[in-house]
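Chains as they are written, first to last, in the working numbering: chain A, 1 to 301; chain B, 302 to 857; chain C, 858 to 1176.
Worth flagging that the hints you see were computed from the coordinates, not collected in a lab.
Quick reminder that beta carbons are idealized off the backbone N, C-alpha and C, glycines included.
Be aware that one or more of the hints could be misleading.
Said to hold, decoys possible - Derived Cβ-Cβ restraints for the label pairs, each shown as a range: (1) C/E947 to B/E470: 55 to 61 Å; (2) C/V1036 to B/E390: 45 to 51 Å; (3) C/L973 to A/G80: 36 to 42 Å; (4) A/G80 to C/W989: 47 to 53 Å; (5) B/A742 to A/S82: 36 to 42 Å; (6) A/V136 to B/E397: 53 to 59 Å; (7) C/W989 to A/F64: 47 to 53 Å; (8) C/L928 to B/E470: 33 to 39 Å; (9) A/I59 to C/R991: 35 to 41 Å.
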Amino acid sequence: MNGVNGVTRVAGTAPHQAPSPPAVTPEAGRLAARLGYWLRRPGLVLSVLVVGAVLTAAILPELFTSRDPLTGVPAEKLRGPSAEHPFGTDQLGRDLFARTVHGAALSLRATSLAVAVGLVAGSAMGLLAGALGGRVDDVLMRCADVLLAIPALLLSLAIVTALGFGTTRVAIAVGVTSVAGFARVMRAEVLRVRGTVYVEAAHAAGARRHSVLLRHVLPNAAGPVLVFAAVEFGAVVLAVSALSFLGYGAEPPTPEWGSLVSEGRDYLAGAWWLTTFPGLTIAATVLAANRIARAWEGEER
Amino acid sequence: MSREATSRAGGTSRGTGGVQPPLLAVRGLRVSYGAAEVVRGVDLTVAPGETVALVGESGSGKSTTAHAVVGLLPRGGRRTAGEVVLAGEDLAAGGERALRARRGSDIGLIPQDPYLALNPVQRVGRQVAESLLIHGLADRAGARERAVELLAQVGFDQPETRARQYPHELSGGMRQRVLIATALAAGPRLLIADEPTSALDVTVQRQVLDHLERLTRDRGTALLLITHDLGVAADRAQRTVVMSRGEVVEAGPTNEVLGGPRHPYTRRLLAAVPSLAGPRLAAPRAARTPDGGPLVVADRLVKDFPLPRSAGGRRLRAVDGVSLTVARGETFALVGESGSGKSTTARIVMRLTAPSSGTVTFDGLDATALTGEPLRRLRRRMQIVYQSPYASLDPRFTVAESIGEPLRAFRVAGRRERARRAAELLERVALPASALRRRPAELSGGQRQRVAIARALALEPDLVVCDEPVSALDVSVQAQILDLLAELQRELGLSYLFISHDLAVVRQIAHRVGVMRDGRLVETGTTERIFDEPHHAYTEELLAAIPGRRTAGQPR
Amino acid sequence: MARFLARRIVQSVLVLWASFTLAFVVLYLLPSDPVAIMAAGGGEASAVTDEQVAELRETYGLDQPAWRQYLERLADAAHGDFGQSVANGEPVGRVIAESLPATLQLAGCALLVAALGGGGLALAATWVRRGWLRQALLSLPALGVSAPTFWVGLLLVQLVSFRWGLLPAFGNEGWDAIVLPAITLALPVGSVLAQVFAKSLRTALAEPYAETAWAKGASPARVHLGHAVRNAALPPLTVLGLLLGNLLAGSVVVESVFSRTGLGRTTATAVNSQDIPMVLGIVSFGALVFVLANLLVDLLGPLLDPRLAAERAERAVPA
């Protein structure tokens, strides 16, 4: 380096402007950014497609298959996967693809019910605890601790024992186990938002208590709680199907994802497709739901 | 806006006498994060034993430049061009392994935040000595001894005890001294200090910088000092390099660069720095309103917080017998370091916290015991602007909703009227009406603070409490906000209770000043009196600690 | 520390009591009639006469008011007596004790597999520099938590036992029979551990103290193992404490898939026959495992992080 005692001279100087407010992003730019977001995440696109397909199957199974899930053709029993029977047929000659598609309705209904139980009861519990504080908070959160202390599967088994078997009861049993999680997330969020400067600023500006709660605290706390619901969705699918696999769900011959795998067990050595495909459907659904939940979580931050 | 720097930046300085080859030479350095280039062709030299200050505002690329020198760019950062030569050797030539051998032994790094830069689960002594072990300069026992010596050198009284402590048992200033000892352990020829004191109080900052200066001088270590504070550069560096938007805009001996800046950016930067000598913003006091009486009277305020036993006592007295008055149309500033109780005092005045004892009188009305609806009605007349504009606005609210909130709370106006008032207020704080529909995330820090000020003005209050309103902002933005506050006071006759740790800011904006320490108000007086003839020893100490008061660039 | 321990033990006992109470409420007080359930023995509520029902009520003390039953059962449970199985009349405590060893063996192996596999995977994923390999390693746990345990078990049986004939598919005999069940049981727990540990490792490596270490010239091994791992260990340890109970509960599914005997099998049988005293006993045992695991984690925490020890010293002061 040369230059002695040199002060750098700068050519072509333009006076700096005071930072001007950012220009409004043009709609087109926003659209391009959104498109780019999806293009960079092919896994997420696939996940949305999978979950979309499963939801459609649950509501309109006829779109996917015209075969009857309950009556089989004895002559076609235990056939491997083919163009005619993509998932093969079972020991009574029923089309496994049709049974899996129709099973989506019951499995997803149970899952939605369970998540709803957890979301509604848990959020209410957490909101009360976080908003009222003090003794109410103590009591409610100790209740949540106890719900967490009994391993989830054992707690749902106890509830199933008391209520009896069936898809709806299984759903309630699984939902109860997720109440504590929702309560904790909601309470933590309410406390976090209540501690923020903007909530204090709202109080200082003269806003009323209930108005702050409704306009600032709830909207800002709701996001993470809904994300948690998405995260729970996958776990609940698994829990419901496990109970159904153990035989506490719907009565046969009604198809349900977990019980389909269970029915295929007896033919494990010969007819691999009977357990493989329904299980794969569950795994794919859960994987896709988790992927979406994770993406949402990332956005929320 | 092309600002090609035709750099003939000085290799050596008067401090080191002319012909020596530079210890560190950075040439044409470029660094990118993805598509964004944040360092755009930087040239820089440091001579042996020399202290060079690299100054600039946030986003200028100064810190990235420093990290690129030691090859420690954060993930995603890439050096795209240029070379870094240390004592004649290209640092990138040997790859990562060779560079690793130079880190710690030839170049020491003092990181920015002493609260986060020490491993929380390892004893301090072990961390100080680690580079000796890494570079095979000592065995375990030898390293332990060296660590104690080093801790003694950075000014610890009981180095043996300190070496056995964990970071959380030390204060911020102590931790930064530990980090200095760590960086010096293997005897590097060059130290890079990245904003080493910006997280510390001003008196602690001075102590830490004094230690750093003495140690580098005694050992002949060169120092590249990254700082946003021109005062620190003026006090400590022989040469100063100014960066803006990834480029070096000016470089040279500190007294020339800061004494007679040639580049307009440097000039504006210097003009924006609130100095202890320059012109003041505070409006001549508004003519006394006929009905006289002060707006706020705080009388013997005390605030206790309960303490855990390990911290020594039953309770912490955060505010201890503070009495103050704020007159109409006046700015009363409370200054002090962190933990002095200035913010708590302001919160008591705002009635966001109840005092343990004492009274607050607002316009003749005893506000101390007010709760519920009467307190809410009082809020119409006093508003607050917070330190962090990032935290004080609800991220989900548009600007219009945020500004309209106080109007809505007091049902002053209907929906349409609120929108109109919000636009008016926005204009008042010099933001375009197009900002009304934006959310905080779409605004810069300075713009957000303007929105927060507009919200505070919505109800036409008598008093605005400003809690460190500019300390989260860059100096040039800081100056704009201070101008705005002064202008609003002139036009609206507002009273400010202004909280700040920065004496230079306070000198610009305040009519009267109260100095706080450990919960007590040690001295009150007019701004001129406090700054020209401080009575209390602590005020003198505070004033002396402000960087930028030594003669700029003089060799020490 | 002693004070902290005493407080935690009292808390644990309270949680145990509350869990027992919750299980009692669920099993005895929910709308359905326990006697009808028990008499029916799981489904066909047919051939039971009124006298038989009355007799059952008396045998199991169900003719008494609920609070009375609760207090008696609680007093018995405090002494480790959970009554008798409805299905075969054996004492619940003995049935649990007899079926426990097989399950402990299984859960122990699974814990080992989960901790080593999950921890190793997380370390490997933060260590490798190649982007695609890191992504691949990081996506493995996501697969692990998404696959239903029972399905994974059946797949393993199909491939490893039936197709390749490597390991036995069913039963408790011999050490080779435990391999597949242990892997199956370990998969979900190990995957969650890997996710949590990978995340906390990444956080630790992004902390300024990691940069301080790099700036000293430290090697990747030193920064990872010497600085990051200990700072990152607390979250996975806490999660492990929470998941230990799940290993026990997971044995219900795994033992069913692999036709093993053990506590899980006993649980499934008890639920099938709606054996209420048995289920109450097992649920209480599950809570005990959970409480003990968390107590252990709480005691280990301060060894990892000195700040926790300091915090505890503060909190142990009575308010």
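Now for the hints, and whether the structure bears them out:
Under the hint 55 to 61 Å, the C-beta atoms of C/E947 and B/E470, about 58 Å apart, fit the expected range. Roughly 56 Å separates the CB atoms of C/V1036 and B/E390, a value that falls outside the hinted 45 to 51 Å. Checked against the hint of 36 to 42 Å, the C-beta distance between C/L973 and A/G80 comes to roughly 38 Å, which is consistent with it. For A/G80 and C/W989, the hinted distance range of 47 to 53 Å is not satisfied, since their beta carbons lie about 35 Å from each other.
The hint said 36 to 42 Å for the Cβ distance between B/A742 and A/S82, and at roughly 55 Å that hint is violated. At roughly 57 Å, the beta-carbon separation of A/V136 and B/E397 lies within the given 53 to 59 Å, and the hint holds. Checking the proposed 47 to 53 Å range against C/W989 and A/F64 shows it is violated: the Cβ atoms sit about 35 Å from each other. The beta-carbon spacing between C/L928 and B/E470, approximately 50 Å, falls outside the hinted interval of 33 to 39 Å.
Under the hint 35 to 41 Å, the C-beta atoms of A/I59 and C/R991, about 39 Å apart, fit the expected range.
Of the numbered hints given earlier, the model fails hints 2, 4, 5, 7, 8; all others are met.
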